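J.: Residue strings, one per chain:
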Amino acid sequence: MTHHLKTFISSVACALPLALAVACNGADSPAQPAVLVQREALSLESASPAREPVRASAAEITRLTAATAAAGSSASGVPAQSFEDAYAALVNSRGQDLALRRDLLVAAVEAVGTLPASQRNAAKLRLVDYYKNGGGGQ
Amino acid sequence: MKAFMLAGVVVATVAAWSPRAHATFTCQIGFQDSTGLSLLDPGTVHYEGEKAGILAPSCDRQTSKPFGCVPGAFQLWYYELCNGLIWFYFDENPGTSYEHFHQMPEDLTIGACYTQDNTGAFVFGRLVNGTCTSAGINPLTTPRFISTHLPDQFMRVVNNSNSSTFRPTQILVKPGSDPVSVSFIDTNNTFWTYHNLTPGPNGTWWTLNPTGTFGSVIFIGDDGGIFSATFDNLSIQVNQ
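Keeping their order, the protein sequence lines are chains A and B.
Residue 50 in the numbering used here is what sits at position 50 of the first sequence, and the numbering runs on without skipping anything.
Residue 207 in the numbering used here is what sits at position 69 of the second sequence, and the numbering runs on without skipping anything.
Just so you know, these hints were derived from the structure itself, not from any lab.
Here the structure is a predicted model, which is why all the values come from computation and not from measurement.
Hints are supplied without guarantee of correctness; some may be wrong.
Unchecked claim - Okay, the calculated beta carbon distance ranges per label pair: (1) A/A117 x B/N340: 23 to 33 Å; (2) B/L177 x A/A117: 23 to 33 Å; (3) A/L125 x B/N347: 49 to 59 Å; (4) B/N347 x A/D129: 45 to 55 Å.
Unchecked claim - Far from chain A by the CB rule (all over 12 Å, computed), these chain B residues: (5) T162; (6) S172; (7) Q213; (8) Y217; (9) N221; (10) F260; (11) L278; (12) N297; (13) N300; (14) S301; (15) T325.
For each residue, glycine too, the CB sits at the ideal point set by N, CA and C.
Using the sequences and the hints given, assemble the complete structure.
T.: This is the structure in structure tokens:
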């Protein structure tokens, strides 16, 4: 990760739960060539296990309908540290592949969106500038 | 002749009293309906709508929230046409308020970088010879899949065209996804769930065995994981 991106993230988004995960949990690695991992699914014929439906429990119904309202708005209902840990695990388990690059970019774009409206355009331009030459050594 | 006529009357009577035959058909929702995508914000002030791979309602937005609509504003999420007959509507189960899904391009090279298109809108791009470009990417025709936002968000599916009931029959759980659950409420108000639809290493097509009834709402989301549910190609059987 270049100094430029570090500066961008720390100044723009490091105080935010989602971006903290990007900036502060192990994504800081030397530039590596992207490895395209196999993500596309098998054909329909090659694998089609069946799942039987079950009656949902009361707890599940609650989860799906009403109780999730307790999560409140956006990510605020998720304990920040646990999400950061989870995201760090994702980064560590998947390596520097294209999917990861996109996930990190999405996280950065979301972080920009949580800035005050007056700062967002400038932050996006800085992000564009970071990627102008590949971003991450591509 | 009289007997023949009587037989004809009997046949006509039986036909008239027969229960109405229900036609069923199945369609596959690919989350890439160009009409549905075109209804989203083409370039919202804050988030670039579908161009950034984010599915958010089209609405007047609050400046204080990246996806939040102005209270009372009309919100329009995503529509996809099934078999040319029924518009299914996809939004967030009101139990959470992330106010968006990620509707990511299946082409992994889209989203490797961030740039501006020829209108100045901020968009995902591809790296071509070390340069980030959005040339050749049409956001309205780019194949997509869905990724929910953190473990507690559920996508809700309803039929916005008519009163036909429906049920899920198949779903593709993408590689890297948390286990997925698909639920629906049938016409008897019974809540059914297909649990633990895991992705396997390469993604898995899950067949959802029928319950014998149809319903009016489907929920799709994470099933006890910690990241998100990532899925595509939801097949829905419709009972007209």
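J.: With reference to the structure, classify each hint as holding or not holding.
T.: Here's how the hints hold up against the structure:
Under the hint 23 to 33 Å, the C-beta atoms of A/A117 and B/N340, about 42 Å apart, miss the expected range. Range check, B/L177 to A/A117: about 24 Å between beta-carbon atoms, so the 23 to 33 Å window is met. About 52 Å separates the C-beta atoms of A/L125 and B/N347, a value consistent with the hinted range of 49 to 59 Å. The hinted range of 45 to 55 Å is satisfied by B/N347 and A/D129, whose Cβ atoms lie roughly 52 Å apart.
For B/T162, the non-interface assignment is confirmed: its Cβ lies about 18 Å from the closest Cβ of chain A, beyond the 12 Å cut-off. With 12 Å as the threshold on Cβ separation, the claim that B/S172 sits away from chain A holds: the shortest Cβ distance comes to roughly 22 Å. The non-interface label for B/Q213 is consistent with chain A: the shortest C-beta to C-beta separation is roughly 15 Å, beyond 12 Å. Every CB of chain A lies more than 12 Å from the CB of B/Y217, the least distance being 22 Å, so the non-interface label holds.
At the 12 Å boundary, the C-beta of B/N221 stays outside the reach of chain A, the nearest C-beta of that chain being 18 Å off. Separation of B/F260 from chain A is inadequate, the least Cβ-Cβ distance of about 5 Å not exceeding the 12 Å criterion. Every Cβ of chain A is farther than 12 Å from the Cβ of B/L278; the closest lies at roughly 19 Å, confirming the non-interface assignment. Every beta carbon of chain A lies more than 12 Å from that of B/N297, the smallest distance being close to 19 Å; the non-interface claim holds.
In this structure B/N300 is separated from chain A by more than 12 Å, as the shortest Cβ-Cβ distance comes to about 24 Å. Residue-level check passed: B/S301 sits 22 Å from the nearest beta carbon of chain A, beyond 12 Å. Against the 12 Å criterion, B/T325 stays outside the reach of chain A, whose nearest CB is about 15 Å from its own CB.
Consistency with the previously given hints fails for numbers 1, 10, ordered from lowest to highest.
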